[in-house]
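Sequence lines, in order, name chains F and G. The first sequence runs 0 to 311 under numbering that gives the first Met the number 0. The second sequence runs 0 to 269 under numbering that gives the first Met the number 0.
Just so you know, nobody snuck in bad clues.
A few chain F residues that don't get close to chain G, going by computed Cβ distances all over 10 Å:
{"hint": "1", "residue": "Val-50"}
{"hint": "2", "residue": "Val-57"}
{"hint": "3", "residue": "Leu-86"}
{"hint": "4", "residue": "Gly-227"}
{"hint": "5", "residue": "Leu-242"}
{"hint": "6", "residue": "Gly-273"}
{"hint": "7", "residue": "Asp-275"}
Some chain F residues close to chain G (C-beta under 7 Å, calculated; not the full set):
{"hint": "8", "residue": "Arg-167"}
{"hint": "9", "residue": "Thr-168"}
{"hint": "10", "residue": "His-169"}
{"hint": "11", "residue": "Thr-172"}
{"hint": "12", "residue": "Ala-173"}
{"hint": "13", "residue": "Ala-176"}
{"hint": "14", "residue": "Gln-182"}
{"hint": "15", "residue": "Met-183"}
{"hint": "16", "residue": "Arg-185"}
{"hint": "17", "residue": "Ala-186"}
{"hint": "18", "residue": "Leu-187"}
{"hint": "19", "residue": "Ala-189"}
{"hint": "20", "residue": "Ser-190"}
Across the chosen pairs, the derived CB separations fall in these ranges:
{"hint": "21", "chain 1": "F", "residue 1": "Leu-279", "chain 2": "G", "residue 2": "Leu-114", "range": "35 to 45 Å"}
{"hint": "22", "chain 1": "G", "residue 1": "Val-18", "chain 2": "F", "residue 2": "Arg-301", "range": "43 to 53 Å"}
{"hint": "23", "chain 1": "F", "residue 1": "Ala-56", "chain 2": "G", "residue 2": "Leu-114", "range": "15 to 25 Å"}
{"hint": "24", "chain 1": "G", "residue 1": "Ser-231", "chain 2": "F", "residue 2": "Arg-301", "range": "50 to 60 Å"}
{"hint": "25", "chain 1": "F", "residue 1": "Leu-85", "chain 2": "G", "residue 2": "Asn-87", "range": "20 to 30 Å"}
{"hint": "26", "chain 1": "G", "residue 1": "Gly-113", "chain 2": "F", "residue 2": "Ala-157", "range": "20 to 30 Å"}
{"hint": "27", "chain 1": "F", "residue 1": "Leu-281", "chain 2": "G", "residue 2": "Thr-14", "range": "38 to 48 Å"}
{"hint": "28", "chain 1": "F", "residue 1": "Leu-64", "chain 2": "G", "residue 2": "Asn-40", "range": "49 to 59 Å"}
{"hint": "29", "chain 1": "G", "residue 1": "Thr-14", "chain 2": "F", "residue 2": "Ser-293", "range": "35 to 45 Å"}
The set of hints was computed from the structure by calculation and includes no laboratory data. All C-beta atoms in this analysis are idealised placements derived from N, C-alpha and C, irrespective of residue type, glycine included.
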Amino acid sequence: MSLVLSALTIGIILSLLALGVLISFRIFTFPDMTAEGTVTLGAAVSAALIVHGYNPAVATAIAVLAGAAAGAVTGILHTRFKINGLLSGILVMTALYSINLHIMGRSNIPMMSVATFVTWAGELGAATGLGETVRFLGRPVPVNDLAVLTVTLLFVVAVAVALLAFFRTHLGTAMRATGDNPQMIRALGASDGNMITAGLALSNGLVALAGALLAQYQGFADVQMGIGMLVWGLASVIIGEALIGTGKLGHLLAGAIFGSVLFRLLVAVALRWGLDPNDLKLITAGFVFLALVSPGLIKKLRLRTPTEARHA
Amino acid sequence: MLDVQNIRKTFNAGTANEVRSLQGINLKIEEGSFVVVIGSNGSGKSTLLNAVAGGFYVDEGRIDIDGHDVTRWPEHQRASLVGRVFQNPFSGTAPHLSIAENLALASRRGKVRGLTPALGGGLRQQMLDTVKTLGMGLESRLDNAIGSLSGGQRQALTLLMATWLKPRMLLLDEHTAALDPRSAEQVIRITDRIVARDRLTTMMVTHSMQQAVTYGDRLVMLHRGKIIQDFSGAEKRRLRPEDLLARFEEVRRADLLDVSAAELLRRRYV
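Throw the hints in and build the complete structure from the sequences for me.
Here it is in structure tokens:
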């Protein structure tokens, strides 16, 4: 049961990453590699501040700002210096690797002995007076884990609702239109370059938030933890789109969250059944490949079937 | 309202693909005037419109709109003065956003876009009323994605968007050329109605001779990046499509003459 709770919690935390990827990939159609570096940046900044005695909330907020700054740099490289979008992200991601090492001072910061948001959530759980464990479906469930899960879920839902509200404002609508039709948004008086930069800042702020919470949940920040995260987020977005659809903005946001949680659960089950953890990224990449090509393949098959039926 | 002074633009300068698009254009447009711009392919008519809109910076010359020297203003800054409709019906609207959201974007053209809800306030009723004037039944589909509409419907909405806030200058770039004849007729009628109602200072590029003689109070003909004819007043009203076609033919023959005359001179003297 603890394994499932842990998978759920990590899935919920990483849904913030999926929301970030949703913004860059789906709203701006910008393949933003910066995310790989900003996951770690968020983790590094929050961990370094927390072990230096900062309040976890303050540390997490600063991590978000750091992530947003990194995203803005990618945006400026792309829109002001006209560097290819993919390359802009790779440049910032590469630079962030060194920056992250500087921030952490070493390649790994453990946070086992300091208070983080997990400690707070645990205290909240203890304050409910439910004791050490509750029984769920006949199994004992640790109240501490349950409290962390609940707090994370509420937080992520609040972030998603705020995002949804933002994308319905004048500024947010202009951002969505920029990804849809930059020519049109210029003709209506908004700088598409500024919109992309702001959008990437928002996206990477969310990704850094995911990194900061993940580090606190796992109890350590590691300089390698961002590797493969972009594909991971993309896989979540794709699963979400398949589950909930792409019709409305709310569906996309909810889909990214469900996709992330489901994907994490699937991975946990696969690992439990003996999947070699080293193969995880290979399988994730393969999955995303299939998800990207299958809509086209299915269309092809559908187009072919009536013709064949006629011949038969 | 618009004052274009001796603007020049050469694309791909110094390469084999060098194109001298605008070669010293002077054009003054009075407030409330509806100017039709015609010219053969490559004459620079769309380039002229694009120069005014800020799609690129001119190499030489100066552009004033409504008393502002906008020569070095980027496109999005000029949008505070200029409303535009493009040739491609897909260029003027965001396909994945709803009709209402697209109109809401237009309601902030050239203004600060803040954190207030885009579809709040009395905007919705205003949208219903305005969209109804198109007579296309779109008022019941305000929440549908614009991508699901036909080219003509999208172009009519783009026109509404460009004029939602009264622009100092309305630029129409062959905005009916990509439509079927029926939609084209519908869109040009709506155009004429809105321009007349709001007395908009308008520049319309077209390659329909019929539109060129029917609409507007002034007609400018471009050839090889220069203005070669400028009809206004009674002269413009008397114009028929045949007159314009005859003038085009004249220009074409003059071009041929240039080439053959040059050849003659080359053979004799070089």
